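Given the sequences, and given the hints that come with them, work out the whole structure.
Protein chains in written order, with our numbering: chain A, -13 to 310; chain B, -13 to 310.
Keep in mind that the hints were calculated from the coordinates and are not lab data.
The hints are all genuine.
No copy is singled out in the list; a pair is fine if it fits within one copy or between any two copies.
Straight line, CA to CA, 27 Å or less: simulated BS3-like cross-link-like pairs of lysine-lysine:
#, residue 1, residue 2
1, K304, K(-1)
2, K0, K113
3, K8, K220
4, K26, K(-12)
Fair warning: this is a prediction, and the values are worked out from it, not measured in the lab.
Chain residues, written in single-letter form:
2 protein chains.
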Amino acid sequence: MKKTDVFQNLINKKIGELHFDKSPRELYEPMEYALTMGGKRIRPLLTLLACDMFGEIAEKAIPAALAIEVFHNFTLVHDDIMDVAPLRRGKETVYKKWNPNIGILSGDAMLAKAFEILLDSDKTQLKDLVQLLSKVAIEVCEGQQLDMNFEHIEQVSIPEYLEMIRLKTAVLVGSALLAGAIVANASAKDRDAIYKFGENLGIAFQLKDDILDVFGDEDKFGKKKGGDIVAKKKTYLYLKAHELAKGKTLNTLIYYFVNSTFDEEAKISEISAIYKQLKVKEAAEKQMNVYWQKALVHFKKIDLPEKNKKQLFEIAEKLMVREF
Amino acid sequence: MKKTDVFQNLINKKIGELHFDKSPRELYEPMEYALTMGGKRIRPLLTLLACDMFGEIAEKAIPAALAIEVFHNFTLVHDDIMDVAPLRRGKETVYKKWNPNIGILSGDAMLAKAFEILLDSDKTQLKDLVQLLSKVAIEVCEGQQLDMNFEHIEQVSIPEYLEMIRLKTAVLVGSALLAGAIVANASAKDRDAIYKFGENLGIAFQLKDDILDVFGDEDKFGKKKGGDIVAKKKTYLYLKAHELAKGKTLNTLIYYFVNSTFDEEAKISEISAIYKQLKVKEAAEKQMNVYWQKALVHFKKIDLPEKNKKQLFEIAEKLMVREF
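In structure tokens form, the structure reads like this:
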């Protein structure tokens, strides 16, 4: 069996061993549901791969990996309330299946639980790990707040958008890798390099996500095409189109983007046509590549033989082409 | 200046020094607002008093004290959303002043911030303190969930109610004291004793709160009388009355308690009359005293000269008579 498969099995096994068979059921059942509704466990996998890469037994990074995954799922539970999103991965979201109060409270308990899980780490690394988790938690909240702010701001610049996805998505990718490096007692320089690798990878990953939402293969991607357009998300594609469009095209873009009275299909097809016309997919791919290249620069700085770095590199590449 | 005043000034000064002058403002402003809308700082004061009592410089317990206070205020921000409570301490609650999403998110950031603040503690005590905070955070969520469940359950027993207030309120009082004892490196026996003292004090304190809601001096207590009755809270008073009432009295009690069509004053006066008739105030005071006596048993177990324990004892007594 491949190492990544071994690690993912280990993660799923350990998540299954978290004790959610407690009372009150109205609190613990949603926590368990949120954690087992079919995530790909990318972040905890990155933690284990980083730990392994730096020469430490990956199992030692399990508390950090689980804490990151529980934290990530907490953000999804609360984001779904804020975004009024009834479905995730084809299943009802927690607030929809139960109610918003249960979503708030079980999310809160998951955030606390993430810190509790960290306590199983080696005592000498606990401070660094608590620092990492509390820092990234606050940053992700900042990112989500910016994302919410953008809904009500007409003019969002591309640099502002990139900063938002850095905070909302990318810092957690960096932190997942850094957590593994901390457990493996990697040097300060290597920690810095792997964090920045992850951060840039995370931004590239989100840009890819923006592209796939409109131009992806529905079956492969597993999401309905054009979801961001319907949800009026100001993605990179939209912001770039808004920047490039002039005259009638700009008016049409805004008209279709803002208006909710059209049927979804018409809206998606009109806006996609403008995206194609303005070649924003190509612009997004270029931007994505800039971040991927930045990620690679930092990856190269990690002071390890190339062969040790191969496994993590392969997973990162897979994430970029989204075979994952 | 009295020691308690010195400590409270110190707490307020340190809360003022937490950095909320950050961006996005929509996240940090509500956090600052929630923390400075006029709490009495009872919990962090208990932390400093406990630390001082065990012979350590109280200032060393500031990170733990602030973490407890930030955590406590996080619970208020989220509880107010769940309870749809527009006012707290006479001011608009966060979700009301901004909106529920901002309430959710700024609350989340406060919970993460509480853990971040703990990082300023001595490294040797960090594990115990993170353990304490994550444990109490989960327990408080359990308590809040039970409280929400009770809204929809017709028959709540008094033991169930006492367990709910233990989790929702009392464990945090115990934890505030325990945090101070941890910082002062108190013995395991003393830690256990002061925690249990606080836990029982916390239950007694909440029973006092239930009594004051109906029978308190409005000016002194600073809350509108009968708020629990209007909010249909199944307090100790209500549950005891429900237990004791028979026939017509029971029907009247349920009729007025459940019905929302009456004007508030009529509702409060009818239900208060039944409470008086059934002497539930006296029953609640008796129950409160049971917990206060339990608290004192544990307080006596703390292995320190009586004179060292005087200050904390005085504050606890004040809390019980509610001159605080």
